[in-house]
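Asks: So the sequence lines, in the order shown, correspond to chains G and E.
Residues 126 to 611 in the working numbering are what the first sequence spells out, letter by letter.
Residues 700 to 1300 in the working numbering are what the second sequence spells out, letter by letter.
For the record, the hints were derived by calculation from the structure and aren't laboratory data.
Ideal Cβ positions, reconstructed from N, Cα and C, are used throughout, including at glycine.
The reader is advised that the hints may include incorrect statements.
What the hints assert, rightly or not - Estimated spans, in silico, between C-beta atoms of each pair:
1) G:L182 x E:Y740: 52 to 62 angstroms
2) G:W167 x E:T870: 20 to 30 angstroms
3) E:Y740 x G:D441: 53 to 63 angstroms
4) G:Q588 x E:T870: 56 to 66 angstroms
5) G:P318 x E:H871: 32 to 42 angstroms
Stated by the list, open to error - In the DSS-like style, the derived pairs of lysine-lysine whose C-alpha atoms are separated by at most 25 angstroms in a straight line are:
6) G:K412 x E:K1254
7) G:K557 x E:K837
8) E:K835 x G:K557
9) E:K1155 x G:K558
10) G:K412 x E:K1208
11) E:K1208 x E:K1117
12) E:K835 x G:K558
Listed below, chain by chain, are the residues.
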Amino acid sequence: MVSPILVIALSLFFAFVIPLLGMVSKKLPRLVPPLAMLVNLWILITNIKFVSRGAMLVTTAGLKPPIAINLAIDRFSLLFVILIQLIGLLLSVYYLSQDNRDQRFYMLFLLNILGASGIVMTGDIFNSFVFLEILEISSFGLVASKKDRKALEGGFKYMVIGAIGSSLYLLGIIVLYLTTGSLNMAEIAKLMPHIPESIKLFAALLLLAGIGVEVELFPLNAWAPDAYHGAKDEISTQLSSIISKAGIYLAARIFFTIFNGFYALKIIFYLGVITFVIAELAALMQKNVKRMLAYSSIGQMGLLMLILSLVAKRGDVFVITTVILLALNHAFGKGLLFLSLGALSGGNGEYEIENLGGNGRANPLAGFLFTVGALSIVGMPFFFGFWSKISALISLMKTNVIYLIALVLVISLVEIYYYGNVIVNLFRGEGKKYGISIVPAAVMILFALFVIVFGIWPHPVFQIAQSAAVSLIERTTYISSIIGGM
Amino acid sequence: MAMFYLLLLLVLVGIVSFVLGPIKVLRNIIAFLGAVTAFFYFLTNIKPGLIYSLNIRVYNVHFEAGFSSMFFGVIITALFIIFLIASFHEENDGAYYLFAYLTLTGALAVLFAKDLISFFFFFETMSLFSFLMVLKGKSDTSFRSAFKYLVWSVFGGYAFLMGTFLKVYYTHSVMIGDISYLAGGVKLLILILLLAPFAVKAALMPFHLWAPDAYKDSKDTFTVFFSGGLSKIGVFGYFLVLFKVFTEIAVKYPYFLKAFAWLGAITAALSGIYAFMQDDAKKLLAYSSISQLGYVAVGFGIYTHFSVVAALFHALGHAVFESLLFLVVAGVYYRTKTTDLRKMGGLIKRMPLSFIGLLFGIIATSGIPPTIGFPSKWLLYEALILKGDLLLTSLVFFASITAFLYSYKLVHGIFLGKLHEEHKNVKEAPLGYAFGTVVLLVPLLVLGIIPGLVIKPIDYIVRFYLKPELGYNLANMNTPLGHVNFPVVGLVMGLTFALSLFIYLIAGKSYRAEQTDNYTATEAIDEDFELHYAGEFYGFMKKAFGRPLTWSFEKILNAFLKLFSFLGEVARGFYMGDARVYLFYVIAFFALLAYLMGGKL
């Protein structure tokens, strides 16, 4: 068994190695991230069989949990960290074909993945704040790395909102620490019944502010369209496929495992509905395809959070399974959309629908991939999105919020409308032809294969998602496996 | 298993044709053989009552072949072969055939599906791939039409899904089964929601807005299958929902049925009027197709044994004569490169077979014996008269008058009158089109004379649900209103025709004119002066009906779209600020939360 803590340590090590390698040769730094991701994935995969129903405990400094910082990895976290590392690997392979990048970019990229993985693996709430900060600060850098006006604007907005969110998050941690005297997630969860209601609520709201920025919940997501729009296409992929996934994990872990449902999930429910409706309606009127994808991404996250909050009504494994399915569909489908949009626009920042007209016909591969991504996101049959959307509706039915099914379906029709409009325009008339080199094409095809193969045969993904969901739902097992006895 | 093998076969043939894309001859052979094999496999191996369930681990897909699925399945598969053979004359790539095969797979799977989720799944499959078929259409506007079609079909699909979830929520069963025991308005809501996608597919007003454009802009040969075949899914759905899902509808909601019949009649009449206003042959036929499907809805709405028999028979008739008309127009387009009635004329001598096909097609459309259009209309009128709803009856009669008007416009515009200069060397439509024309003429005439051949299986479908009132054998029918012998009717019709011909031949003083001759009174005009009269054909009618025609459904839809645009603008406004504004959102949000939660803090 290789200790999973190496995932964090090695990522840091590789990040520090990059400038040294950069002195040797300009070409070496870009080889580092794929290598790091491969090693990390290998470490994580060797650990799969050791992670049983409860959490696997990885101690640091040789002390037992309530005192020392520890990693706590159950199947739910393992699924998310593997997802993050996998998408990271795909993206870093994608970067291999680009030789105009600064070496600092690769450091930021590695730190970003490190932050996301850390959030998912840690069992310590203060530690999660540290990783959240690493994640956010590196994201600001990544968004702004394009260095034009739009990118800087997006990065700046993200930074302002993100900084507020994370300081409120820190405040929430302080409140919890004051009342429980512990920073260990399991310990806090164990002591949760003894905390007065009002303090619980106060802490939960503060933590929600920090997480809300990451998962793009309604009033905290104003940065997202600008950041997605300004950033490079690959960075937008990273924002939607990696960073928001870490946010979902954190929301589930904190509001379900620690707070055990509670009011916060009720607030998330309403915020999720509002986010979903507003963002999708905003996307409807958007003429800029990239911005439209950003709104769509926000809307999907709203749906995800809405479904996640249903777990409070009924501790149902199926609801969490659905959350995972939606997250996977969003990670691969939306990632594919951003990447293929980059290929369709030739990377020159022309994302207006009129400018893209006919480009799908001129670049058949990119057009096909964009169509696959869009069809999966809207939930057409034979794509993975179908299963996640049907599961979402079944979850809504199981939790007796039948009126929301109508809402989700109406909004899905809105989605069909704007995605259909883009697809139709992509294949209309004569467009501009841009070449696509083999490495990015291969990466995009892998993204597409995921949504197609598991769209036709979804069973393996359902099984994995279900076993991960079970380990989240059984919170007492999680708690007792870390600090014992409950 | 047979049903699964059939679907698998279709998917595989589609994929193989896609892979073989560039090798045209081989691809066409495979595609053709695949369709023919599927057809015969269907006929020989699929029997009513066959059940199969496919476990894909996350879900059990249930299939069941019933009498109705057999009936529509045979129609759809046969039309698919006719479409396929004609389509080999067009320039198509491998993907086109893949999409075509997947559309057929989806359609047949919809017919077999026994539970609502699989039904939705295959319905969406069919919608998606037929959308791609329309997207690959022939003109610049096909993109717009395809988009419209997609949004409408998905709208129908989602309404169906909503109905599915309501049904599952209240009955705890996902199978297609009776809901009439449910309390209150829920069952009516479920009924309407489940019926919506079929109203879209069968282009029942006001769900028809996609149809004229999509029919016009899809490739000509595909329109044959699209209008004749895929719209049958809508009719199948009417049957499914009104009989299998809600068995006691006639007792519990007679007004719903009445409204349905009225919608059908309005569709038939209004589309008929729209049809004779069109100057484009395909658009005219599209409206004619919608109008004919309106009769089917009327038949279902009356809900007696022989009105439903008439509706199903008319659905079959629609598949035969509407496909025939679209096929002939496709052939004409292949030769003349136009479907604009104003640019054609006098092709009768150039394309005689097409003319005969179109002639019998329009005779059937108007419901004149001895063609397939006659028995169903006869039965439908009897059912209407027995029902005693005079207004409805007169509206349906009015609709059949429009059929005469647009039929004449069609045949006149294309085949009669003066031959155009540029069409002097036009040849008969190629073999693929001619084959389909001849094949479709057979049932068109045979079933008009001995309708009992088809009445029997249709009666089997309906008998189970409604008390049989109709006596029939191969050539006769006994209804409460009397008795009709179809061969005799046909014979009388033939004799009348022969008599008129005879009188025309012996009594008429005719002058033989060339097709390109101009003939006017008093004034001399040039040889090449355009005298063929096809545009604004029923201009006086337009004047008469002009005002009501401007109250189109499209305006209501546009108002609805405007509402959504407005909401979208409002939503977008939220994200238009700078960092300070967003900061304000965050603070305001937390202030609000603190206020709302104040009591608990």
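Asks: Which hints, by number, does the structure contradict?
Replies: Failing hints, ascending: 2, 3, 4, 9, 10.
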